[in-house]
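Engineer: So the protein lines, in turn, are chains A and B.
Residue numbers for the first sequence follow numbering that gives the first Met the number 0, so the first one is 0 and each next one is one higher.
Residue numbers for the second sequence follow numbering that gives the first Met the number 0, so the first one is 0 and each next one is one higher.
Hints in this document: simulated from the structure, not taken from any laboratory.
There is no bait here: all hints are sound.
Below, computed lysine to any residue pairings styled on SDA-like, alpha-carbon distance capped at 25 angstroms:
#, chain 1, residue 1, chain 2, residue 2
1, A, Lys30, B, Asp23
2, A, Lys30, B, Ser32
3, A, Lys166, B, Leu12
A few chain A residues that face chain B, going by a derived Cβ cut-off under 10 angstroms, partial list only:
#, residue
4, Val55
5, Ser119
6, Arg122
7, Asp148
8, Thr167
9, Ser170
10, Ala172
11, Arg173
12, Asp178
Built from N, CA and C at the ideal position, the CB exists for glycine as well.
Given next are the chains, with one letter for each unit.
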Amino acid sequence: MAAQGLETAQNGLTANRRDTEVVDALERYRKTVYGVALTHTNNRCDADDVFQEVFVAYLRSSVDFADEEHRKAWLIRTTLNLSLKLVTSSWRSRTELCEPGAPALSVCDPSLPPSDFAFSDPRADEVFAALRALPTDYRITMHLFYLEDLPVSAIANVLGTTEGAIKTRLSRARAMVRDSVHETACNE
Amino acid sequence: MSRPDELFDDRELMARMRDEMSPDQRLVDELTSKLHADTSAAAGTSIGAGAGTSTGTSIGAGAASEPLPVSRPRRRRRWAAGLSVAAAVFLVAALGFAVLRPGGVLSLAGIKSPFETDPSAQQLTQSAAAAPMEAVSSYEDLYATLCARMGVAPLATAATWSDDMLRSLKVKSVPASSIGYGDGAMLTAPATGERDSAAESSTSGLDAKSAAPTSPSPSTDYSTTNTQVAGIDEADVVKTDGDFLYMILRGSEVVIASADGANTKEVSRFTPEAPDGQSNCGLIDLYLSGDVLVVMSRVTLQVGTQEDLNAPIPQGGGTSGGSLGGSSPGYPGEIEPAAAPQAASATSDSPTSSPAEEPMASGPANAASPTEPQDAVAPYPSPYYPSMRSVTQVSLYDVSDARAPVLIDLFAQDGYHTTSRLMDNVLYLVTNHAPSYLPYEVRPYDYLPLLYGEGCVDATVPSQHIYPTPGSAGTGYTVVTALDLKASKRVASLTVVGSAGTVYMGHNNLYVAESFYQEGEDDFLAQEGANRYIKVDSSYDTRIARIPVGTGQLALAASAVVPGALLNQFSLDEFDGHLRVATSSTVYTSFYILNEDTGYRSHDYGAQSDAMRGAAPTQTNALYVLDASLAIVGRIEGLAPNERIYSTRFDGDVGYVVTFRQVDPLFTIDLSDPRRPKVTNALKIPGFSQYLHPFGDGLLLGIGMNASDTGRVSTMKLAMFDTSDPYDVWERDKHLLSTTYSPALYNHKSVFADVEKGLVGFPTNDSSSARGYNGTGLYLVYSYRTPDFGMNESGGFFEKLAVSLPLTKGIDYGTYSAYDDRYSSYEYVDVDNTRGLYVGDSFYIVSGDNILVFDLASFKQTASVKLS
Numbered sequence: 000m001a002a003q004g005l006e007t008a009q010n011g012l013t014a015n016r017r018d019t020e021v022v023d024a025l026e027r028y029r030k031t032v033y034g035v036a037l038t039h040t041n042n043r044c045d046a047d048d049v050f051q052e053v054f055v056a057y058l059r060s061s062v063d064f065a066d067e068e069h070r071k072a073w074l075i076r077t078t079l080n081l082s083l084k085l086v087t088s089s090w091r092s093r094t095e096l097c098e099p100g101a102p103a104l105s106v107c108d109p110s111l112p113p114s115d116f117a118f119s120d121p122r123a124d125e126v127f128a129a130l131r132a133l134p135t136d137y138r139i140t141m142h143l144f145y146l147e148d149l150p151v152s153a154i155a156n157v158l159g160t161t162e163g164a165i166k167t168r169l170s171r172a173r174a175m176v177r178d179s180v181h182e183t184a185c186n187e
Numbered sequence: 000m001s002r003p004d005e006l007f008d009d010r011e012l013m014a015r016m017r018d019e020m021s022p023d024q025r026l027v028d029e030l031t032s033k034l035h036a037d038t039s040a041a042a043g044t045s046i047g048a049g050a051g052t053s054t055g056t057s058i059g060a061g062a063a064s065e066p067l068p069v070s071r072p073r074r075r076r077r078w079a080a081g082l083s084v085a086a087a088v089f090l091v092a093a094l095g096f097a098v099l100r101p102g103g104v105l106s107l108a109g110i111k112s113p114f115e116t117d118p119s120a121q122q123l124t125q126s127a128a129a130a131p132m133e134a135v136s137s138y139e140d141l142y143a144t145l146c147a148r149m150g151v152a153p154l155a156t157a158a159t160w161s162d163d164m165l166r167s168l169k170v171k172s173v174p175a176s177s178i179g180y181g182d183g184a185m186l187t188a189p190a191t192g193e194r195d196s197a198a199e200s201s202t203s204g205l206d207a208k209s210a211a212p213t214s215p216s217p218s219t220d221y222s223t224t225n226t227q228v229a230g231i232d233e234a235d236v237v238k239t240d241g242d243f244l245y246m247i248l249r250g251s252e253v254v255i256a257s258a259d260g261a262n263t264k265e266v267s268r269f270t271p272e273a274p275d276g277q278s279n280c281g282l283i284d285l286y287l288s289g290d291v292l293v294v295m296s297r298v299t300l301q302v303g304t305q306e307d308l309n310a311p312i313p314q315g316g317g318t319s320g321g322s323l324g325g326s327s328p329g330y331p332g333e334i335e336p337a338a339a340p341q342a343a344s345a346t347s348d349s350p351t352s353s354p355a356e357e358p359m360a361s362g363p364a365n366a367a368s369p370t371e372p373q374d375a376v377a378p379y380p381s382p383y384y385p386s387m388r389s390v391t392q393v394s395l396y397d398v399s400d401a402r403a404p405v406l407i408d409l410f411a412q413d414g415y416h417t418t419s420r421l422m423d424n425v426l427y428l429v430t431n432h433a434p435s436y437l438p439y440e441v442r443p444y445d446y447l448p449l450l451y452g453e454g455c456v457d458a459t460v461p462s463q464h465i466y467p468t469p470g471s472a473g474t475g476y477t478v479v480t481a482l483d484l485k486a487s488k489r490v491a492s493l494t495v496v497g498s499a500g501t502v503y504m505g506h507n508n509l510y511v512a513e514s515f516y517q518e519g520e521d522d523f524l525a526q527e528g529a530n531r532y533i534k535v536d537s538s539y540d541t542r543i544a545r546i547p548v549g550t551g552q553l554a555l556a557a558s559a560v561v562p563g564a565l566l567n568q569f570s571l572d573e574f575d576g577h578l579r580v581a582t583s584s585t586v587y588t589s590f591y592i593l594n595e596d597t598g599y600r601s602h603d604y605g606a607q608s609d610a611m612r613g614a615a616p617t618q619t620n621a622l623y624v625l626d627a628s629l630a631i632v633g634r635i636e637g638l639a640p641n642e643r644i645y646s647t648r649f650d651g652d653v654g655y656v657v658t659f660r661q662v663d664p665l666f667t668i669d670l671s672d673p674r675r676p677k678v679t680n681a682l683k684i685p686g687f688s689q690y691l692h693p694f695g696d697g698l699l700l701g702i703g704m705n706a707s708d709t710g711r712v713s714t715m716k717l718a719m720f721d722t723s724d725p726y727d728v729w730e731r732d733k734h735l736l737s738t739t740y741s742p743a744l745y746n747h748k749s750v751f752a753d754v755e756k757g758l759v760g761f762p763t764n765d766s767s768s769a770r771g772y773n774g775t776g777l778y779l780v781y782s783y784r785t786p787d788f789g790m791n792e793s794g795g796f797f798e799k800l801a802v803s804l805p806l807t808k809g810i811d812y813g814t815y816s817a818y819d820d821r822y823s824s825y826e827y828v829d830v831d832n833t834r835g836l837y838v839g840d841s842f843y844i845v846s847g848d849n850i851l852v853f854d855l856a857s858f859k860q861t862a863s864v865k866l867s
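My request is simple: use the sequences and hints to build the entire structure.
Structural biologist: Below, the structure is given as structure tokens:
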């Protein structure tokens, strides 16, 4: 299989990486990527789509990863970008959702309602809902800090901003979560 | 139920969640095969080109090639969903702004949105700045001005007097039946002034320095009164110098206690004297300046010649105690037989006169004929009667040995205590005095503002420093003096003829502000015969006078008028050569019928009630930036229409203004360019802050009330605002209390705030009914911590102390029981005068006759001292 240069494959795809590398990443980061996708898309269906696209994109990309952290950061960012792109396009045409027979291999069931992902623990549902109610910047930051357990420095690196900004986002997001439910609970 | 944000702290929950967020295995399998298929299909894939990692590639470069999520513009989350009223009003802004006086100086055309300032409107408002106030040319001029304002003709007798004559006047303190202390609390004082033994020894002049050690281990770190401006002290009922606590007890005594942690105890107490040596019990406030303890108190004095002091005190005047600000002995026809007043004068210290002397004869002769028709031309009352004046006294004590304070000197000035400041060892005292003068006879010292030394009149205010406010009908005096505490000398004095409502002092100037009622022009509505139907808009404006300080003299440098009224001293702030002023303005519309034949105007109640039905007076707020001549150079007007200001705080280049009607916009105002102040952020949250306190880097503490979305005020609330980005101020943390009242809402001195230690403390009243009386009180201390995400710590307010305030014994001086030889007492919680402070390792709460001591680190109680 060793050959110099890139050649277009029969099905039009260009692969730059060994499949094993990508599959390795898939194994390592499946929950990370899927989690981010789930939190940032509207339903399981879309999350599935994004999940696949990320690794396909990885396969096709030519980025030189310096280390594992770099790779993880790239994967997270790509997942986020693709999620947002999908959500935006979903707004425009809901009928595009989950077309069986499309190139995607998702096991989607078009009868599932949006935000259909449910946890076994209702508190987790609450956390999930709270996250999804946040604007993107805050949502991804909270997700990476609390669900992915990344340190502030790593999150800053992933999202391309300062540690201070990340800390601020965390404070604000928590305040938002606290207050948005608090308001309704206070029955005012 | 736990708060949703707290769920994030549950690490196990988070881990389980993440575990569940997993793709379906079938999906993964299918994707895996697809990836293999792609790869094998691309048979010509070069493994080298890209798959290998190159350590030379920087992460940054890789990162930069990926598009980052678009950062949405930061929008403050709407806390109160559906609250369109306040928001709509706010956004519509000054277009609906209606602070208009018909033909007045503010024109709607010049005002756009609250976020812009219109330079063309500046010229209009400039003309509203009054010409600088001019001093009177002479005392005769002053007298003439007063008479003109009163609408009476000046009498010739007023003119002649001399400094010597003034200094020869006698001064006698009068027992008053009700005197207050602190800034607002009222207590009663003894009916007779008895010499206090401590006061006697303090005037004996003995050298009180003893060989005994004067203090426990000296502590260097202690808290000071919570003042508006750093470096300028404000008087308070409790002070400390790190070794001792000095406090006013029951408004009648000064008590000194050692600040010794668990061993705290009283070391001495005394009662300051009045200028004539009588005991004086209306204590107001304290200052500490080095070794000098300054005690301010209220005295009522009789001032006059010896004959005056011997004369009966006319009824209908001064004997009704609490005649604050002087008294007018009334008009002809009101005088009573001399019998009763003579009894009072018999107790006076008149060594020479006896009732048989001739000057006295005319007194009783006039008075003893109540049935005679009163002759308006006859000299009434007797020319001899004392001028009664309410006076504020400043006593200086040497407390280098706290166990034996020594009186150094004593000063007093006419007027009811308004406020004071201490800067660079100079005490600036502001009092309000109502001169007593008669239409029939007047002596110079009836209308002159007097300054007193020990037992005598010292001087009067120089005429070149007496300024009548132009266009005003007010006849009260605002007396300002500067007292050098080191030299024990009064160095300067000044009087404004008007009444000072708000006083603010910055490092360079003292500002005295007076709000006055202003009417616009008549707005013609209709004419019916001789009746002209008009409406008139009126509002309150504020005149501000600037008095430079620190120069060794007091003179008025500039004055101006700004529209609207001030909330309190925090509405003014001097910074970088400019004065920033925040005002609230309410425009009232009144309907009148003007009868053109008689010239009289009467209320048109019909039209008034028609107009009033459902309509509230127009209200708006503004911020002005004034230069040294107090001309307006920058402004924001039409801020939060139909709301009023609840608190203001200026902090260098930034100003924060809280208004409220249903929600609380906290306005952040950029003041870095005095000519172009601009609102950078308006944060809408329920409730409002009544006191704002900058709390370190990018933080602002707010103490206030919580309220529902519809504006229904509930309980108290602490809020910490993040002000690091002036364009995006938000509420970082908040804490709701169950109480509805604390003096902290109205009196900043009752707040203990230490930014370095991250602590805030204040007293509250636990009951929703009476303010402290027979209710329970609590002293609360909170620490505030910003979250440390590196350590995975959340932040917020944490309660460190919530201690019940003990009862204090109050003495009812109006209920002397001769049988028991004592006054009746009662018990109450002195919430308003409770103060919290720290000295060294201990935190002290002084509440009435109690001192509670706690360890500053743990807030465990270490002592409880009861003062007798």
